[in-house]
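Peer 1: Residue numbers (my numbering), protein chains in the order written: chain B, 21 to 557; chain H, 5 to 256.
Treat the hints loosely; a few may be bogus.
Said to hold, decoys possible - Derived CB-CB ranges, DEER-like:
#1 D179(H) with V521(B): 35 to 41 Å
#2 G74(H) with S262(B): 38 to 44 Å
#3 G74(H) with A550(B): 40 to 46 Å
These are computed hints drawn from the structure, not numbers from a lab. Virtual Cβ for every residue (Gly too), placed ideally from N, Cα, C.
Here is what each chain is made of, one letter per residue.
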Amino acid sequence: MSQGPIRRYPGWALLAAAFLGSVFWVFTRSVPLGDDRPVTLRIAHWQIEQGPPEGIDAVIKRYEELNPRVRVKQVRIPATVYRQWLRANFSGGIAPDIVEYGAWLDGLADFPARYFEPMTTELMEPNPHNAGTPLAGRPWIKTFVDELLEQRLNSPEPGQYYAVNLTRGSVRLFCNRELLREIAGTEVPPRTLIELRQVFARTTERARRTGQPLHALAGSRDNAMWLMEYYMGGLMIRRARSLDLEGVHGVYPRHIQRAYLEGSWHFADPELQAGLAVLQDFARQMRPGFLQLGRDEAVREFLSGEALFIFAGTWDATTLRRSAPFTVAALRLPQATRDDPVVGSQVMGPFSDGDNSTSFGFYLNRRGPNRATAVDFLRFLTSYEGSRIFSANSGWVSGIAEVPVPPELAAHLSPGDGYSYGANFIFAGPHLRMAFERNLHQLVGPQGTVESMASVLEAEAPAAVRADLRIEQRTANVVVLPQDARIAALGHWMATTEAGVAARLRLERLEAAQTQSEARALMIGRWLQAAEAAGPK
Amino acid sequence: MPVRAADLAEVWADIADTRIVEAQAAFKAAAPADPRERALAGALFVLARPPLTEAGIATVATTCTELARGDDELAALALYLSARVVQVHRLSPDYPQAASLYRELARRHPQSHWAQLGLVKLGLLTLHALPEPADAAARVAAAGTLLTGITEPALQRDLHLQIGAAAVLSGLPVDTALPHLIAADMVGGLLGLVGEDLVIQIGELSLRAGHREQGIAYLQRFLRDFPTNTRRYNIEQRLAEVGASRAPEGAP
Numbered sequence: 021m022s023q024g025p026i027r028r029y030p031g032w033a034l035l036a037a038a039f040l041g042s043v044f045w046v047f048t049r050s051v052p053l054g055d056d057r058p059v060t061l062r063i064a065h066w067q068i069e070q071g072p073p074e075g076i077d078a079v080i081k082r083y084e085e086l087n088p089r090v091r092v093k094q095v096r097i098p099a100t101v102y103r104q105w106l107r108a109n110f111s112g113g114i115a116p117d118i119v120e121y122g123a124w125l126d127g128l129a130d131f132p133a134r135y136f137e138p139m140t141t142e143l144m145e146p147n148p149h150n151a152g153t154p155l156a157g158r159p160w161i162k163t164f165v166d167e168l169l170e171q172r173l174n175s176p177e178p179g180q181y182y183a184v185n186l187t188r189g190s191v192r193l194f195c196n197r198e199l200l201r202e203i204a205g206t207e208v209p210p211r212t213l214i215e216l217r218q219v220f221a222r223t224t225e226r227a228r229r230t231g232q233p234l235h236a237l238a239g240s241r242d243n244a245m246w247l248m249e250y251y252m253g254g255l256m257i258r259r260a261r262s263l264d265l266e267g268v269h270g271v272y273p274r275h276i277q278r279a280y281l282e283g284s285w286h287f288a289d290p291e292l293q294a295g296l297a298v299l300q301d302f303a304r305q306m307r308p309g310f311l312q313l314g315r316d317e318a319v320r321e322f323l324s325g326e327a328l329f330i331f332a333g334t335w336d337a338t339t340l341r342r343s344a345p346f347t348v349a350a351l352r353l354p355q356a357t358r359d360d361p362v363v364g365s366q367v368m369g370p371f372s373d374g375d376n377s378t379s380f381g382f383y384l385n386r387r388g389p390n391r392a393t394a395v396d397f398l399r400f401l402t403s404y405e406g407s408r409i410f411s412a413n414s415g416w417v418s419g420i421a422e423v424p425v426p427p428e429l430a431a432h433l434s435p436g437d438g439y440s441y442g443a444n445f446i447f448a449g450p451h452l453r454m455a456f457e458r459n460l461h462q463l464v465g466p467q468g469t470v471e472s473m474a475s476v477l478e479a480e481a482p483a484a485v486r487a488d489l490r491i492e493q494r495t496a497n498v499v500v501l502p503q504d505a506r507i508a509a510l511g512h513w514m515a516t517t518e519a520g521v522a523a524r525l526r527l528e529r530l531e532a533a534q535t536q537s538e539a540r541a542l543m544i545g546r547w548l549q550a551a552e553a554a555g556p557k
Numbered sequence: 005m006p007v008r009a010a011d012l013a014e015v016w017a018d019i020a021d022t023r024i025v026e027a028q029a030a031f032k033a034a035a036p037a038d039p040r041e042r043a044l045a046g047a048l049f050v051l052a053r054p055p056l057t058e059a060g061i062a063t064v065a066t067t068c069t070e071l072a073r074g075d076d077e078l079a080a081l082a083l084y085l086s087a088r089v090v091q092v093h094r095l096s097p098d099y100p101q102a103a104s105l106y107r108e109l110a111r112r113h114p115q116s117h118w119a120q121l122g123l124v125k126l127g128l129l130t131l132h133a134l135p136e137p138a139d140a141a142a143r144v145a146a147a148g149t150l151l152t153g154i155t156e157p158a159l160q161r162d163l164h165l166q167i168g169a170a171a172v173l174s175g176l177p178v179d180t181a182l183p184h185l186i187a188a189d190m191v192g193g194l195l196g197l198v199g200e201d202l203v204i205q206i207g208e209l210s211l212r213a214g215h216r217e218q219g220i221a222y223l224q225r226f227l228r229d230f231p232t233n234t235r236r237y238n239i240e241q242r243l244a245e246v247g248a249s250r251a252p253e254g255a256p
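Pulled out of the complex, with its shape left as it was, chain B reads as follows (with noise of 0.2 Å):
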């Protein structure tokens, strides 16, 4: 029997088909090499769970049907090396021109008044993308829920706002709620930690009964330090409001830091016991060997049905519910109360889960080409239509106005029914987080106790403290060095040309924060050689 053509030559047959396939390819589905737009915009950002990169996407595809000649692309950067990148990017000239910045970033504290571009002329006039909509003539901070509260905290020149939020949030205690109704009989979520402590109990029982891997919540180091800052937060409100020497409602890490320094609070005291307390009850809640994971491991340990909660901010929320084959439930984390039998007489009233700020901050790159139209995108992305998309595809809730919340991530917004102090004494600075972490076994460990935890830390502290307060001291520096320039320039001119009440209102600015700032590097400095004229705590 004679063969056929292509069992003949089966190279060329094969040949064939591939040629025959690009064509169809070329002619049917490819796109030109050449993008038609004029306009590229980058927007990068190290939100990259599931959620906001769908949102922004989703954001994009419209803005782009509106705007035929801009293209615009989404940089998606790993949180881990973010910094890294950023300074990369930035000292190389090729940085994006809107980019996600965190004035909390270690090391970047000269970013936003060397490479970002202020927005606070946009800010005070309406959003042209909100018209017909209920945000129409409303300037577009006013848009804002917090009117970009943290702006107002941290910009490097006060009144002037170099960033808009797209997002708010809080920290949760999210449910198996399936697995909640098995374990404890009913789907109502407990309301105190005593019924929380009931519920752990319960699902002790249970793992003890069945010989199934199952703890009441999903553990890692990450998720512990969350539970930590949440509930030494709430316990110490009234060490807290002690130390407001100042009278603000609040205190601030270097005034914690100075109090210590100067022997105002220990860690022997009741209320930081009864934080660690409640912490070792927590970590028992968790595998064993959790200190050795990172988040991931803990969003895979209750995904797979083996926990019942995991502690986290809402940033986890979409991840969680679109991976999860239960109903996931975010509830408040239960709050010790006045009659707690264990850290009951420490507690000074219910204390903030979520304050209801705006983040997730986008910047706009003083040296991008595009000026103009970046801002047209970021006015887009934060108006009442692009909010919308965003938060339907991200599962993030709204940082807009008037925005409506889905009913589904109405759980993550709190109503602002607690204390907020700030009160965060373990972790005031990076130095002494970076003690507590590196001493964590000795309180969750198996031979940990809360005495012992207490004692490493008091001798540790001093030393993590001083150099805490030093970097405090040097930030302020930071920010007052380049202004010394910027005031000369500004005052110069001004008084060789006919200079407009604008300027001398920037002038004033500029000068008043580079003396807020100034007051601060130098009363630290005080505060530092007292501690040494003190000696050794």
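Once you have looked at the hints, place chain H on chain B.
Peer 2: Leaving out everything else, chain H in the frame of chain B:
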């Protein structure tokens, strides 16, 4: 013929905006200019890129010393910058020398903006850095005397605010701090959270000092004027503690 100072306007504007590369380009394009203006611009180009090297510090110091020999506003600015170099740009600051330069500036150019700004800086040094006076109350009092040399309201406000803060944090009686804080508030114009903190602070410190009505009025004003501040719950609870409502009686 040298160009007028205004011809370097773009240079000053760019430096004020931290656009140093653009400022240097504008500077080259604007040449020739008045030699003193050019010298000032050269010093500012160095100052705009901290931290300064030893060579940079020497360059700025020499330039400013030379420019300060004049008798005009530019000379006052140069003397001010001389003090700034000594106080903040040197690796090892010399606070007494900086204080001495601020005093000289106030003596030679009392009406100049730079002299008045220098008095604010001298106030900070007096409050926090100079060895004398050593006693906290004396430091606060000494800084207070500098206010008489300052006529610009915004600068008065800035020094009042720092004197008040230093008094409070030094543990001096609240009534030492309150007049300064209230004076700062009356000038107004504070932006960022500083203005919001100040209103709470006056309210709370007034309550602690026994000025109940004043304290309540300031805390109620805080709730009215700053609806997005995250400490509203704290203030509401504080008002409840002293038996006051969230808003003045009869307020809408």
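Peer 1: Now tell me, hint by hint, if it's right for this structure.
Peer 2: Now the hints, each set against the structure:
no. : hint                             : verdict
1   : D179(H) with V521(B): 35 to 41 Å : 36 Å, holds
2   : G74(H) with S262(B): 38 to 44 Å  : 55 Å, violated
3   : G74(H) with A550(B): 40 to 46 Å  : 42 Å, holds
Checked against the numbered hints listed earlier, the structure breaks hint 2 alone; every other hint is satisfied.
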